[in-house]
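Novice: Protein chains in written order, with this note's numbering: chain R, 1 to 268; chain V, 1 to 410; chain U, 1 to 666; chain W, 1 to 253.
The set of hints was computed from the structure by calculation and includes no laboratory data.
Glycine residues also receive a C-beta, built at the ideal position from the N, C-alpha and C atoms.
Check before you lean on any hint, since a few could be wrong.
Partial list, computed: chain R residues near chain U (C-beta under 10 Å) [claimed, not checked]:
1. Lys-76
2. Tyr-85
3. Pro-208
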Amino acid sequence: MHMKEFKIKWGMVIDIDKCTGCGACMVACQVENNIAPMTKKDPYNYVQALTKDRDDADNKLRTLTWMNVYELSNGKSFPEHEVAYLPRPCMQCGNPACVPVCPVVATDKNEEGGIVSQIYPRCIGCRYCMAACPYHARYFNWWDPLWPEGMDKQLSPAVSPRPRGVVEKCNFCHTRYAKAKDQARENGEDPMNLAEGAYVPACAEICPSGAITFGDLNNPEHKVHELAKSPHAFRLLEKLGLHPQVYYMSKREWVRKQGDNYNAGDKH
Amino acid sequence: MDSKLFPEGVQRCSFGKFLIWSCFILAFFLWGLYAAVLVLYNGIGTTGLDNYFGFGLWITFDLAVIALGAGAFFTGFLKYILKIKQLEKIINLTVIVGFICYSGAMLVLTLDIGQPGRAWFGYWHPNVHSMLTEVIFCITCYCTVLIIEYVPLILEQKQLNKVPFIHALAHNMHVNMALFAGLGTFLSTFHQGSLGGMYGVLIGRPYAFREGFFIWPWTFFLFVISAVGSGPVFTVLVCTFMEKLTGKKLVEYKVKALMGKIAGTMLTVYVFLKILDTWAWATGYLPSVGLTFDDMFYGVAYGKWMMFTEIVLCGVLPAIMLIVPSIRNKPALLYTAALLDCIGVTINRYVFTVQTIAFPAMPFDKWYVYYPNWVEWASSVMIVAYGFLVLSLSYRYLPVFPQERHLNYK
Amino acid sequence: MGFDRRTFIQLSVGGTVGILFTPVLWKALDDVSIWTQNWPWIPRLKYGALEDQPAVSKLCDSGCAVKVRKVAGSAFGTEGNEDSPLSKGGICPICANAVQVMRNPNRVKGPMKKVGEAFEPITWEDAKSMVADKLAAAKGKVAFISGDQTGTANEVFSGFLAGIGSEDYLQMPCDMQAASRAYNGVMGGTGQVAYDLENSDFVLLAGADAMESWGPTVANQKAFAATHPTGEKPTAIYMLASPVQTRTASVVDAWIPVPEEGMATFLLGVAYHLIRAGKYAGAADFGSFRSMIMDAYAPGKVEAAIGVKGADTAALAKQLLAASDPIVVPGGTSVATATAAFAVNMLLGSLRKVSEFPKVIQSAMSTSERMSKDLLTWVNKGAAPAVAMVYEANPAYSLPDDFKAGFVVSFATEWDETAAKADLVLPNAFTFERFDDMQNPYGIGKQTYSVGVPVCRPTLDVMASTDFILDVAASMGINLGFDSFAEVIAAKAEAVGADFDEASGGQYEGSYSSARASVLGASVLSRAAAPVRGNGAVVLAPYSQLIVGSQNVATTPNAPCVISTNVLKGGTLVAMMCSATAKKIGVSDESKIKLSGGNGEAAALVKINEGVLPGAVAVPLGLGHTVGDEFSKGVGDNVYKILTVRSEAATGATVWTGSTVNVAKM
Amino acid sequence: MEEKKSSGRCGGVLPFFIGFLICCILGWVVIPPLFYTKVEQPVRFSHKVHVEGQEMDCDSCHYFREDGSYAGFPSNAQCADCHAVDDADSVLDAIVEKVGSKDKIEDILKLPVDEMPEGLTELVQSSDEANVKAELEYLVKYALQGKEVPWLNYQYQPDNVYFSHKAHQDVTFEALAEKHVDLDGVVDHAVLAEGGDHNCNLCHMKGIETNDTPPAFERNILSGYSKITMKMWQCERCHAQMGQNNACYVCHK
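Excised from the complex, chain R in its bound form (with noise of 0.2 Å):
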């Protein structure tokens, strides 16, 4: 599997370090791309209320959370233990498990920064891409987005609503990068030469402890591009050569052990 290359790649660099799991980016996350509360009477449908009723979010393996924040443990014992929150975007990755195995072309990284597309008209739910993706950051549309009335009245222009029976998944907010292009247009600068911060991620902005670093990894003037070259820098299951564009740093080793597998004995 060659990788196609870009010119523009953009990445996160998550400092595992200041992630306080507070859940934040996973709000806002569901704000900017109109992902529908989880509502178990669909009042609209009368086939549904005679049998059972939809999901709500305590079934964690129904939800649709792009951005999803795991909490890791050093399995340690009191006092010893500790803990830590990963914060799991899509990883867009370099080689990615998902695009090549959907049979409709409704995935694909083919746009100038790396970013893998999921085109929702055109996917038709076969999830096979779910079934490909390690991480777990591909999401089903197991109902229709259903919001408690009039909370619908103004959606998020960015991004469009899904029907039930399609995959979705983070796109680093794409509708912001396309936005910032169009700003530099109207300022007369080069859309492919974006400047630090003029597109960043709804989860990567709102933030509150700053654990989220994004950018150009390609550009030397974007911070993440040395950042992603710490000697404390890592991304998820390198082994199985999917290389991600989201890379995680922590200064505990325990917690980088637990990027990857390491049982068959083999030394970090």
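Model the placement of chains V, U and W on the given structure of chain R, informed by the hints.
Specialist: Chains V, U and W alone, transformed into the frame defined by chain R:
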């Protein structure tokens, strides 16, 4: 009352009896239909699937029936291409079984995809790199081929066949059947393989990922061989089941034994390769991604016992039983071996579908256990019921078994 | 030849082929697939000019400075406000969902009065006269309960209360109150204690879950982020002493397991080493403080009392001494803990304060006056006012003990337990629909003032409670000096010296001054600092997460799928404990238990978490609402109701530290 | 047998072709129009009156915002520059007085102009009857009630499409010409031949800018799209030839 429609010179149960039987099957079918309607109207949320288990019972069911339906193309291949005369006595049945399996699988698939209205995108916007595209192509094409192979059988129905045009048509189709058989073999081999390839290419899923030859991972070939190693004996089982049900002899035992022998040979090859593959995977690939063989299994649901049942109890054992003539020629043992064989291939499809995605690749993630809910079961049962109906009707009105007459009423 | 079967077949075959040669089928197929892309029941987007309007969101306890994101003039989300010292671009999880809360169908649609068991809508005019009459009849037996810690609204209400001759202005229990009573009461200081996290190089969080639920969480997190630049060496050390490894514990440089009820003892144990190292504080009672520490808080005694090793306190003291600008931050409602922490800060010479902003309504209470009265003591003394008014608070839910009143007026924006109990519900305009402000949110390091103006037009029949009270006051002939709250805010902004305009609000940043306390509170501490525990099987270690909600705000619409299964699982709350505790009480992971204590019981699932102090059970606050929308109602159980309230010796503060519960398997 | 066959041969062909023909006619002529319904614009807005009559420029209503986004349809606020409604409430009250109920405000339009309240008629600026009618409609239905006009977009694109006018503003006729772009089936030849300094006609309806009565919007009954909604292949063709990326996220959201 419908005796005029029966095949030449055979007897069938009374219409009333047949009606009762049909209604009995129909009951199951309707139950499944209700489930199917729910799925199409409310969405797949009604099933037991979730974001961790995007594939489940349905896909397992599909893969299993497609594998077991392989009897059709392989027997066809042997009869029409390799001209093994013997097989014509059972070829009709293999075609019908194949047709049922494939059409059934396609019905399940339309339920399984979230947007059935876009099913045709697979043709209009194909991604040539995707194994699934290949599957979509081949399955749909091969299903058409099976219909073409099934049609002449229908045309040979006693009354229809009286119409000269139809008679001629049926005749001509028979003449050219070799062509379709060949085409079918080609298509079928490919998608059987592609189904295996689907899992083999999953670089993110250590349980399934395999190296391979050119663009085809090893699972590609393993799936083909395991299919031909089990398809024929499945037909044998179906045939035997019908004999028990109708109390008639439909196919002489030597044919069944022959089918057993064919399957046995393929199965032996398969088991040998499967063991090699598993070994290479466990000692070569897994360590290279920092994993051990033990990491791949968990609790009872995903325990090692399943793998050993698949490879030893339902692989090695039936293989031996089928290739050793003295065993193969004892009906009871042949059927046991056939049964084990089919169970084995089903388990194989199950673990590749479910265990593959159940394995938590991220160390801080955990195993989840997947339970299909009644909707998935019902809709699968619907397909089985559908198969029973088609088979019952075909048996009652079509000349499926050329030998039936002289085997029963000399 | 006639029209026989064959002709028919030919005809239809021809037809089929014919139709295939026309676009009809293909077009239909295409349109169907396009139809599936735009199903009529999937909402359409509305487009227009995008704009961000600065506003204050007072949903979370400390309040967030946000920008409301709008398209074509209608709001759809919030984002941080880089220009605000409180936000610096960040928001808390509650305020991140603020617009969805504003559009929540659970909002109170208009003024309602209780008739029998049900509510009936009434007009604002009737409501005003009704309230006026009730108040006139009450003859000063009126109480006002406020959950707003920072707003000038409090001046309007307390001024009004004074006008009708009552002093029962009660603040919901909060850390700010404990700190205020410790500093302004026990220690005889004036002003509000400030914690300059931004510039401290050593921060000891003594029970203050600073990055999750204590004080201005966003500002705290930003301060932490600034001192821990990504990819560089930290410029400050953060430590957390608490019974539970909270979210804060996951990022601090060290976590010291200390029981909540033992926090004062722990701090005095630290003070012991400081004094031994020759630290001195210029306070009248330093001598008695010193001798108290020396004989009652020697390492051995401390370890015996709370199980923290002398070596650890010594090491900690060493780091405090080594630091150039250390600070100790107390958490919880215990006045003793706050006093102890401030004493330590005085020894370290790092106790700071911000002075209050001038009042604009002269008859109103100052912040410290507001904080001086203890709500639960008042309740438990059997107070029964004729009229009680509740603003930005949900006492019926979040007070361990119920309060009684002849006639309850609730200014709730959303239906909650208190509103459901009230006789009159007068929906307050949502925080984006009204003028509001935040003065010196407790925990901030320097004087800070933020004003928010209405950025959204109300869609419901609501009214800013401040304006309502001003109208009522006018009708009762009480002159507060203003006709509308907009004027109050303008005056306040001017008094503060903030750059304010009616369109975009405004803000002011001042500085801190070093605090002067006359005493260290030795006499109080000697009686109040010792840990007190109930006699139940295990100690409760309640914790808060904003994503679950706050005292006042229930779980927001987008929050449920964010809440961890270590907090809530399958609708049941999760009780975390270490394996030792689980062993002791004979439970294991996933086992269903019932916790009984205080005035009630709570069902819970056991979750083994080695980050919980042995003998303690960590349970989340903020669940188990009985009134509200589907996201909070009937989800989990209300932990406030199993807390045991006691009156702290010497300080008289009502606290629930050391609450214990009995555990029964279910 | 023999005879049957022969008759089969000759008789077989005719009905086949009859069937073929009928369906071809149905499929090409009769059915296609049934896919669309005609919908009129909410208000009969006349570009002619505004452009020629009032000599307004395009960008007084259609312009780029500071953030680079494009203001396609004017909002009431913009219309108010000329069609100002200072005291909407009193006018509304006057109307209500006439029609008797708040819910029947729009009934005022049924009355002859001279019976309408003074406050309303004096707001009208145009003279000839048709325009007066249109203007009254706009005032009563939208301006006075503070509702935005739900204009129908002939080039309607669904929510899943992100189209940047900014990125296309420099696609001039010259640029297309020198790149020898073949836009067969994408852009009307006449438009290309004509050229001009505004490139709007490349995608937007030709001649709309001077049109007096806006043409009906032809809505697809199944998909809801406009009949002239540009399809993906059309965008892609131009992109490809102009050397622009055709990646999914260039246009989708």
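Novice: Each of the hints needs a verdict: does it hold here or not?
Specialist: Structure-based check of all given hints:
no., hint, in the structure
1, Lys-76, "holds (7 Å)"
2, Tyr-85, "holds (6 Å)"
3, Pro-208, "holds (3 Å)"
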